[in-house]
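Could you build the full structure based on these sequences and the hints that come with them?
Below, each chain spelled out in residue letters.
There are 2 protein chains.
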Amino acid sequence: MTPPTAQQDLTSADAILDAAERLLPRFGYKKTTLDDLAQEAGIARRTIYLHFPSKEEVFLRSIDRVVERLVAELNAIASENASAEVRLWRMLVTRVMSRFDSVRKYQESLDEMLADLRSQYLERRETYFDLEADVLAKVVDEGRRKLGWHVEDPHETARHLVIATNALLPYSLSREERGSRTHVQTQITAVASLLLRGLQAPAAGVVRTRSARGQG
Amino acid sequence: MTPPTAQQDLTSADAILDAAERLLPRFGYKKTTLDDLAQEAGIARRTIYLHFPSKEEVFLRSIDRVVERLVAELNAIASENASAEVRLWRMLVTRVMSRFDSVRKYQESLDEMLADLRSQYLERRETYFDLEADVLAKVVDEGRRKLGWHVEDPHETARHLVIATNALLPYSLSREERGSRTHVQTQITAVASLLLRGLQAPAAGVVRTRSARGQG
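Residue numbers (my numbering), protein chains in the order written: chain F, -3 to 212; chain H, -3 to 212.
Rather than coming from a laboratory, the hints here were simulated on the basis of the structure. There may be inaccurate statements among the hints.
A pair counts as met if it fits within one copy or between any two copies, since identical chains are not told apart.
Dumping the calculated DSSO-like pairs for lysine-lysine here, alpha-carbon to alpha-carbon at most 30 Å [stated by the list, open to error]:
(1) 142 <-> 101
(2) 26 <-> 51
(3) 101 <-> 27
(4) 134 <-> 27
(5) 51 <-> 27
(6) 26 <-> 101
Bear in mind the structure is a predicted one, so any value in this text is a computation, not a measurement.
Right, here's the structure in full:
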């Protein structure tokens, strides 16, 4: 058997992930087998094993890909021509809504997928949050330099923005809570606005972080 | 068989929940049986069924009790003699750290418990968040009336504060992330400070909610 070239590798890995995305809404997570994935992707079952050791790994990689696309989207917003606060606000809203939309077609089976993959997902999540925080930090730093935001460490602050919006990611919501796109959007919009007001505010409130107190 | 009086009812229901709290760190969630609970509580197995239809229900009620205690704690802080911002900040930190401490002894089995009870937990969670938001809303409203915070609907804002700190609740963290009390405390402290700065800030940032825009 000839080993696949790097190009073939990429193509069939992506074809398998595309198949997983199409099959989830149809069969659900539990009922989708490696055979189904191979058939849907139009490849032999053994070809899947060249790329993924298990069905679980296919779906975890599929979540990775959702995040990779999101990070590209965040980078695009970071490079736009708007003010730092507008871009940062949009990035916070996008990190929630882009994920919402990416799982929208398989709402039904998201819970069974998470029940099975929860601990592996939680491990990988740290990497996702770091990637996102890296992009947010650039804009936070810009706000600090150009707009005088009271931020000591842009990357730390970016992590806090990630934390403060994480509870609206699909993973954290019940199926019922995920039911209404408008509701999720209203919530992330309001939370992002509150956080942006916090970033723009003078660091002179009664409740201050230790660093702010030192500077004040 | 004589039915138990209301007093006996309460006493043995609490005794069963106490037993559940003691057994979790010892046996873990999966291995704890209704027989273990009865023996630990010093009651007959059939007495458990007078109070709880299943082992799952015992543990769900035990989570309810953690939240009931927390809400009492939040009410106590709300009634203290400090300024609204100091009290609100402490309430946000407390809603995270109190839960952290309540599950600290059974870190190991929290994940197996959540894997089994995830959907029931998520359903009940809405009620928990409402109870907490009710208490937070009182202090937010005080801040609006006495300190001029730009808040349109105190209960809405309280819900946003709940959302923005929810990602630090034990349920949302991986076992590794739950490992360091100091780390969680550093994060909630910083997030709560950022949110409080947002509440105290003039509603005049470039990014505003629709209502703020209407007023401006």
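Here is what the structure says about each hint:
no., hint, result
1, 142 <-> 101, "neither (41 Å within a copy, 47 Å between copies)"
2, 26 <-> 51, "both (10 Å within a copy, 26 Å between copies)"
3, 101 <-> 27, "within (16 Å within a copy, 37 Å between copies)"
4, 134 <-> 27, "neither (42 Å within a copy, 48 Å between copies)"
5, 51 <-> 27, "both (11 Å within a copy, 29 Å between copies)"
6, 26 <-> 101, "within (16 Å within a copy, 33 Å between copies)"
When held up to the earlier numbered hints, the structure conflicts with 1, 4 and fits the remainder.
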